[in-house]
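J.: So the sequence lines, in the order shown, correspond to chains Y and P.
Start counting the first sequence at 1; every next residue gets the next number (this note's numbering).
Start counting the second sequence at 1; every next residue gets the next number (this note's numbering).
Don't read these hints as lab results, they were simulated from the structure.
Do not take every clue at face value.
Said to hold, decoys possible - Derived DSSO-like pairs: lysine-lysine, alpha-carbon spacing no greater than 27 angstroms straight-line:
#, chain 1, residue 1, chain 2, residue 2
1, Y, 12, P, 256
2, P, 37, Y, 92
3, Y, 130, P, 256
4, Y, 28, P, 249
5, P, 3, Y, 92
6, Y, 87, P, 54
7, Y, 258, Y, 229
Residues per chain are reported as follows:
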Amino acid sequence: MIVVKNLIKIYKIYQKTGRLITDIFFRKYEEVLALDKVSFEIGKNELVAFIGPNGAGKTTTLKILSGILFPTAGYVSVLGFFPFEKKEAFLKQISFIMGQRNQLIPDLTAMDTFLLNKEIYEIDDYQFKKNLQKLTAIFSAEKIIHQPVKMLSLGERMKMEFIAALLHQPRIVFLDEPTIGLDIFSQEAIREFIKDYQKEFKATIILTSHYLEDVKRLAKRLIIINKGKILYDGSLTAILQRFSQIKYVSLILEKKVKQEALFKIGKPIVYQLPKVIFQVEKKELPRIVAYINNKIPYLDLVIEDEKIEEVIKSLFKNQR
Amino acid sequence: MFKKIKRNLKILLLLTYNSLKITSQSRQGMIFFTLGKILRFLLLFGIIFLVFSKTKIIAGWSLKQVIILYLTFNFIDTFSQVLYREVYRFRPLVVSGNLDLILVKPYHPFLRLLLGGVDLFDLLLLLPYLFLLLLFIFQENVSFFSFLLYLVLVVNGLIIATAFHIGVLGFGLLTTEIDNVIMIYRDLLNLGRFPIEIYQQVISLIFTFIIPIGVMITFPVKALFGFLSFKNIVFSFFISFFLLWLSVKLWQIGLKRYQSAGG
Numbered sequence: 001m002i003v004v005k006n007l008i009k010i011y012k013i014y015q016k017t018g019r020l021i022t023d024i025f026f027r028k029y030e031e032v033l034a035l036d037k038v039s040f041e042i043g044k045n046e047l048v049a050f051i052g053p054n055g056a057g058k059t060t061t062l063k064i065l066s067g068i069l070f071p072t073a074g075y076v077s078v079l080g081f082f083p084f085e086k087k088e089a090f091l092k093q094i095s096f097i098m099g100q101r102n103q104l105i106p107d108l109t110a111m112d113t114f115l116l117n118k119e120i121y122e123i124d125d126y127q128f129k130k131n132l133q134k135l136t137a138i139f140s141a142e143k144i145i146h147q148p149v150k151m152l153s154l155g156e157r158m159k160m161e162f163i164a165a166l167l168h169q170p171r172i173v174f175l176d177e178p179t180i181g182l183d184i185f186s187q188e189a190i191r192e193f194i195k196d197y198q199k200e201f202k203a204t205i206i207l208t209s210h211y212l213e214d215v216k217r218l219a220k221r222l223i224i225i226n227k228g229k230i231l232y233d234g235s236l237t238a239i240l241q242r243f244s245q246i247k248y249v250s251l252i253l254e255k256k257v258k259q260e261a262l263f264k265i266g267k268p269i270v271y272q273l274p275k276v277i278f279q280v281e282k283k284e285l286p287r288i289v290a291y292i293n294n295k296i297p298y299l300d301l302v303i304e305d306e307k308i309e310e311v312i313k314s315l316f317k318n319q320r
Numbered sequence: 001m002f003k004k005i006k007r008n009l010k011i012l013l014l015l016t017y018n019s020l021k022i023t024s025q026s027r028q029g030m031i032f033f034t035l036g037k038i039l040r041f042l043l044l045f046g047i048i049f050l051v052f053s054k055t056k057i058i059a060g061w062s063l064k065q066v067i068i069l070y071l072t073f074n075f076i077d078t079f080s081q082v083l084y085r086e087v088y089r090f091r092p093l094v095v096s097g098n099l100d101l102i103l104v105k106p107y108h109p110f111l112r113l114l115l116g117g118v119d120l121f122d123l124l125l126l127l128p129y130l131f132l133l134l135l136f137i138f139q140e141n142v143s144f145f146s147f148l149l150y151l152v153l154v155v156n157g158l159i160i161a162t163a164f165h166i167g168v169l170g171f172g173l174l175t176t177e178i179d180n181v182i183m184i185y186r187d188l189l190n191l192g193r194f195p196i197e198i199y200q201q202v203i204s205l206i207f208t209f210i211i212p213i214g215v216m217i218t219f220p221v222k223a224l225f226g227f228l229s230f231k232n233i234v235f236s237f238f239i240s241f242f243l244l245w246l247s248v249k250l251w252q253i254g255l256k257r258y259q260s261a262g263g
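Next comes chain P alone, as it looks inside the complex (with noise of 0.2 angstroms):
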């Protein structure tokens, strides 16, 4: 088992080590895109201070607790991008048949197909956003307790993502057309930069129970706070596990009825 954990993280460093050469061969390109990201997170932070200059509460949140909500999205957001960048990949994989390579080699898929092109760049950017979420909770009254839940929230928030990403490979083995698919899981995600609450209320439950956003990026930082119930706790739980057995379920049912180009 150890071995086989030592063998994964050695072909899984390789392959980041791959991904930072090809990335590192255009460097105005690099620059751009990091400054675009810069610029993005800049911009909507000067948005929220717009808004509550104008008022003190958004849905029963305050500033501080929706800055940190913000922040909290970014950290998911960026961190499953860090981690996931090769399934944004994966449509030319599957047609130009050179996928069928992928699964001749004696590992996980997953481990080339979801984790294969782990992006260093969106890693630095990951930092400051670390920095500030901790300045800005620790400005704040919470207890060990609550930081840890949500702490442990946030990670099941993670394998959320992970479940959408899982999904969306088993949804290119049905159908090629998993840009679409993505470019939905992206525009849904960016509406969890903003606390569920300020969605009408069947949105609402949209985001918490269907296409669980809420559950990812408002219930960590609800528990944070002392405002998640017990009930919702374990549903997180509940919801994240369900999606990821769900997802490989779909990764499993897409590999019985792949076809592979030009078969």
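This is chain Y alone, in the form it adopts within the complex (with noise of 0.2 angstroms):
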């Protein structure tokens, strides 16, 4: 469906000097690599998440995807387009929402803006009326879509974009920080949104966000993107096997113990008695399980995995 091969972007930034001859001139520009060599294939019906630093290149991927950039070099296919071609047949099957842009009209009502994509996607009264209602009915929004876009709340406003987006019953969605500013309620509203659509409609989704929690509600499959390079493609499951070498041994002791037999499992990072947490490396663990086994007395013993955010820190940490 979507496949990515060597693609790579240069932007051109001019950099002010300050002196007004040489900035009208002479202008100089800086050559910023936005992705370097990028390559992944996306299936049907996948939901992956980019996600990265600012300035990483996931946006940018996003909008080469879509057709909106063109490419400095590489090979991109998506649907068998080549999107920057930006054919009629290709747009019609794709969407992007990007959460900090709009398409609705600000002096007019959402339901405009809808009747507006009815005639540019050609959707027929009953696929509009359909889709419409089953849409608003995720959302409860069958109210709002009435009211002057410009009266509605940030998170009004982005049900309102999410709806006008997909009325078309896009195969692809790009989706470019649809939660930022949001509050936790329709952060929620929001992902539970995508889930839905994604299940009801079985399209590909496209996920690019800071947070965290987005992706681990959404998305089975991650790429992490950094300074314009894949850094990591594959499920959230398997990147704490490939990455994580940190295991959590929490411990709730059953009766008082010496000291020196605690500090032979390492040096615990919470030491309340009764309960001992001791962050220990993955390859030692089933000797540390063992010793515990043998030598502590405990009523309670968890053994809990790297946070994935922690695991994402330390991988950008690597490469700078």
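Dock chain to chain to rebuild the complex, using the hints, since each chain is given by itself in its own frame.
T.: Here it is in structure tokens:
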């Protein structure tokens, strides 16, 4: 469905020197490598999350996949089309929702934009009514579609943006920071909506977000990108197996234990008796568990993975 | 093909209807805007009469010919403003990044960026201009062929205006500083209210061959009175289609180099 091979994007950024004559007649441009030989494939009905720090290349990738930007080099095919050609048959099958951009007309009602999109995407009356009913029902937004957009709250406006973008039932949906700036209730509503939409319409969804909660709740596959390079492409669970070298061992002691016996496990990161937590190397885990079973009397033993946020953070740190 | 035209017309009608709904929200603004335009039109009309009270001919043009030229200018200027009002709102779209969401829509972006804000109130102003224009033309002794050529050259003038506006959009993709470009276009076009012969020869040549305001406005009126040579008629069509081609190329280059806000 989506094939990207050795994709490169270079931005030319105008460098201001502050000297008037130089800035007018002898402009200097800096070349910024936004994407550096990025390759991946995405299949039908997948929900893939792109994550990375600001300027990592997430949005640039999405903009190239949707045909907004022209790639500097590399191969891009989406639904069999080269996106930049902006063929109608291609554009009718995709949709792009950006958390900080609007397609709704602020002075009019959301319904006015929906009706305009009905003509643009050539949706017949029956299908339009059916889709609108379904989408507004998911959001419980039947009433606000008739209010002027400028009178809506950010969360309500975002819901309307989603409906406007999905009325034509796109096969591929690009979501760029869809929950940015929203309160926790609206974030939750949007997440539920994305999940329901993917299930109902069998769409392929590509999501970028700074909120790991979005990723954890929605995506099975994760693409981590930094400085224009893909650092990881795989499942959420596999990332822990591959990159996490740490486990957390949490103990509730049955009775007082000599400190020396406990410190043989390692220096605890939490020492609030009867609770003790250790951070241990993954490879040391079997030896440590055996030692605890033999030497330490306990009421409860819990072994936990490192948090995904920590794994990703250390991945970015290592790349710096 | 017919289906596509029908669909585009439907979208255009909806965009126009939405634009009308937005404009009608500010009634006072609408009234003052229209009054200002009428006042400007009447003042210039007064100046023409004042000049001709002191002299009978300006650069070989009689009073009625200058009035027809002035009304032709107003018709072309107002008509292009009616159609291409949305171009004046292009910069905010680029700067905010909302242009991205227009580029992913399955229609030609000109439908929205060029024609998406048709101003129906300006269209109303066009009717008295048209009435006065025809009134003055039919008072003159012009042949049917000259009138037909005049109409064709007015359409040709509108093609040049279209090319200018597409060019502004193309510039807008390359640099966001397009407000200046559109103001330069407006200022230059304003010089076309009078026959280009009143300017010095160098300026007159510039207005014919480089910035063809003369071709847009003076040439149709010259053709109406039989002053325009065959060579200049051919040149008029050549320059309009060349400018249209050039502006579309500029737009395409702009799209390729477009970096998108926050990209």
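J.: Against each hint, give a clear statement of whether it holds in the structure.
T.: Evaluated hints:
Straight-line distance between C-alpha atoms of residue 12 (chain Y) and residue 256 (chain P) comes to about 13 angstroms, which keeps the hinted pair within the 27 angstroms bound. Using a Cα cut-off of 27 angstroms, the hinted pair residue 37 (chain P) and residue 92 (chain Y) is violated, with the two alpha carbons roughly 42 angstroms apart. As the CA atoms of residue 130 (chain Y) and residue 256 (chain P) are separated by approximately 38 angstroms, the hinted pair breaks the 27 angstroms bound. At most 27 angstroms may separate the alpha-carbon atoms for a hinted pair to count; residue 28 (chain Y) and residue 249 (chain P) meet this at roughly 25 angstroms.
A threshold of 27 angstroms between alpha carbons decides the hint, and for residue 3 (chain P) with residue 92 (chain Y) the separation of about 16 angstroms falls inside it, so the pair holds. At most 27 angstroms may separate the alpha-carbon atoms for a hinted pair to count; residue 87 (chain Y) and residue 54 (chain P) exceed this at roughly 61 angstroms. Between the alpha carbons of residue 258 (chain Y) and residue 229 (chain Y) the distance comes to roughly 50 angstroms, so the proposed pair goes past 27 angstroms and is violated.
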